[in-house]
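Chain by chain, the residues run as shown.
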Amino acid sequence: MIEVTELTKRFGRVTAVDGLTFTVRPGRVTGFLGPNGSGKSTTLRAILGLEAPDRGTALVGGLPYRDLRHPLHQVGALLDAGAVHPGRSARAHLMALAVAGRVGRRRVGEVLEQVGLGQVADQRAGGFSLGMRQRLGIAAALLGDPPVVMFDEPVNGLDPEGIRWVRQLMKSLAAEGRTVLVSSHLMSEMALTADHLVVIGRGRLIADTGVKAFLAEHGTGQVQVRSPARGSLAGVLREHGAGVEYQGSQELLVTGLTVDRIGDLAARNGLPVHELAARQASLEDVFMNLTRDSVEYQGMCDGN
Amino acid sequence: MGTELLKAEWIKLRSVRSTYLSLAAAAALVIIVALSVAGTTADNWPTMSPRDRSSFDPVSAPLFGALFAQLVIGVLAVLVVSSEYSTGLIRTTFAVTPQRRKVLLAKVTVTTALALAAGAVILGAAFLLSQAVMAHGHGGVSLGDPGVLRAVGYAVLYLVAVTVLATSLGAILRSTAGAIAVLFTLVFLVPQVLDHLPQELRHHLMRFGLQRAAAAAVSLHPQADTFSPTVSILLCAGYAAVALALALFLIGRRDA
Ligand SMILES: Nc1ncnc2c1ncn2[C@@H]1O[C@H](COP(=O)(O)OP(=O)(O)OP(=O)(O)O)[C@@H](O)[C@H]1O
Ligand SMILES: [Mg+2]
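Residue numbers (our numbering), protein chains in the order written: chain A, -6 to 297; chain B, 397 to 652.
Some clues are possibly wrong.
For the chain B half of the interface with chain A, some residues (derived, Cβ under 10 Å), not all of them [unchecked claim]:
(1) Q495
(2) A502
(3) A641
(4) F645
Pairwise CB distance ranges (calculated) [as the list claims (entries may be wrong)]:
(5) R6(A) with A637(B): 31 to 39 Å
(6) L463(B) with T(-2)(A): 24 to 32 Å
(7) G120(A) with H600(B): 48 to 56 Å
(8) A521(B) with R48(A): 56 to 64 Å
(9) S414(B) with G5(A): 30 to 38 Å
(10) R6(A) with F645(B): 49 to 57 Å
(11) A637(B) with G5(A): 30 to 38 Å
Residues of chain B placed beyond 10 Å of chain A at every Cβ, according to the derived structure [stated by the list, open to error]:
(12) A404
(13) R449
(14) G484
(15) T505
(16) G540
(17) V544
(18) L601
(19) L616
(20) H617
(21) P618
Calculated directly from the structure, the hints in this document are not laboratory data.
Everything numeric in this text was worked out from a predicted model, so none of it was measured.
All C-beta atoms, glycine included, are put in the ideal place defined by N, C-alpha and C.
With the sequences and hints as input, model every part of the structure.
What follows is the structure, encoded as structure tokens:
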């Protein structure tokens, strides 16, 4: 479990994290979402005791990170895939971490196999692709078999197969009862991976909720209808208070009526319907709407 | 300090090629200079004036190459810390071991131990080779002669002091270029500046220059405007100690 309370971190005049409070619970994947520069990485670094907050606390398993006895056994973290000496082999890199963190050397071979780097373990990390480095960073996070894992943008640079692999890994880590926190600025990615969302903008909490609840709350409840008689259908639906928009050559985008009601109205009026589907607003749209203010404000600041 | 940190730092040090390249470069520089100085001296010895003979320093003259070797080893020592900052690896290191001072002490210990061993082997070999060459034309000395063991030993200790200084500078400045620039400034530039001071000031201050102190520590003959060899080497150790103390002070207080 990770508990962040009233966390504030300033860099000079920039307030990177602003009174942030949230809890990451075990047994599910928590997506940590925010646009670029919203303070995700800063928060993760503060949790790891790498930077001192100006205010507030971050606890892992009830303790400040610095008070953990053998941190590598308690928390695994991928912060930056580039954080490897380019001249050092993947195996030597992990070996040094394992020895310093009092993890058995045998684990090095195991995690290398687990992330699929067994074949290249003795090659210099400088020659690795970004995807391979992400895997090496994930291997380092798994080294101590920790109950808490944090990954900062782990799918950056991965190919579709790699992305699927990370997704599966996150889910299986959560299924094993671990606490999993994954940051991303891609809502669509989190929609597929996360069970729970912590959304921030400009360092402030915007939402802390389940993915489904998030959608239900912010979804626009649009229904997509395809009909060869869409003109007549649109008239009927409008009479019943719906908002109707034309889309493509045959489609309507309807708001204010449920799927069932639209189907009934079409049948009663003898109008053919070829497709009728509830359309969730995409998470991406919701995310953009929620965080727009913070992004715009940031843009103005940068312009000054 | 737990031995696991020393082991981890040793794994890091021996798993990058630059460590071996640096040591090889340092060895080549020192030995080549030693052999060429010794060869020239042996050739010229019969025709040298008594005054030239007595002012010739049979230890520090052939070990002149250590002047460059200290920079090669110094850069290696800087990189031990600064490369972790430039890649971001330092965050992983500190996440694994939040006791940052212990991490820095482990780095300094391992790097210094390597410099001590390499320095003893390289400078010892250079000394023995050069004396063997000079023995033919005379002008050579042996380790048993007065002051000789001390001079060679202080040359090794000076290398150790530079290593501690350089590792600490890496931690203080957190940047490879910055730390190397400051190291070169301290070793070369400061003594140059002191050398150009007005006579009176120069007379008092020159002896505090790092390079000057190193020369005094390794010299067999007493030199003007210097401390004694032992005070000189302690001065070098003092520079290293101050830098290390500053690095230890800062490392826990800054964001990684
Ligand atoms: N070490 C630092 N010094 C100064 N400013 C910093 C530092 N680290 C972060 N910031 C600033 O703090 C804000 C938050 O940055 P942070 O990297 O935490 O955001 P992020 O959400 O991780 O963004 P991204 O999606 O781009 O990774 C930004 O405005 C950034 O410029
Ligand atoms: Mg980030």
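Structure-based check of each hint:
1. Q495: 8 Å, holds
2. A502: 8 Å, holds
3. A641: Cβ of A641(B) sits 21 Å from chain A, so the hint is violated.
4. F645: Violated, because the Cβ-Cβ distance from F645(B) to chain A comes to roughly 15 Å (cut-off 10 Å).
5. R6(A) with A637(B): 31 to 39 Å: Since R6(A) and A637(B) have Cβ atoms about 37 Å apart, the given range 31 to 39 Å holds.
6. L463(B) with T(-2)(A): 24 to 32 Å: 56 Å, violated
7. G120(A) with H600(B): 48 to 56 Å: 55 Å, holds
8. A521(B) with R48(A): 56 to 64 Å: 59 Å, holds
9. S414(B) with G5(A): 30 to 38 Å: The hint (30 to 38 Å, Cβ to Cβ) holds, given that S414(B) and G5(A) are roughly 35 Å apart.
10. R6(A) with F645(B): 49 to 57 Å: 26 Å, violated
11. A637(B) with G5(A): 30 to 38 Å: At 33 Å between Cβs, range holds.
12. A404: Not fine: 4 Å to the nearest Cβ puts A404(B) too close to chain A.
13. R449: 48 Å, holds
14. G484: At roughly 4 Å from the nearest Cβ of chain A, G484(B) sits no farther out than 10 Å, so the non-interface label is violated.
15. T505: Per Cβ check, T505(B) is outside 10 Å of chain A; nearest 14 Å; holds.
16. G540: 43 Å, holds
17. V544: 39 Å, holds
18. L601: Given that every Cβ of chain A is farther than 10 Å from that of L601(B), nearest at about 39 Å, it holds.
19. L616: 41 Å, holds
20. H617: 44 Å, holds
21. P618: Holds, because the least Cβ-Cβ distance between P618(B) and chain A comes to about 45 Å, which exceeds 10 Å.
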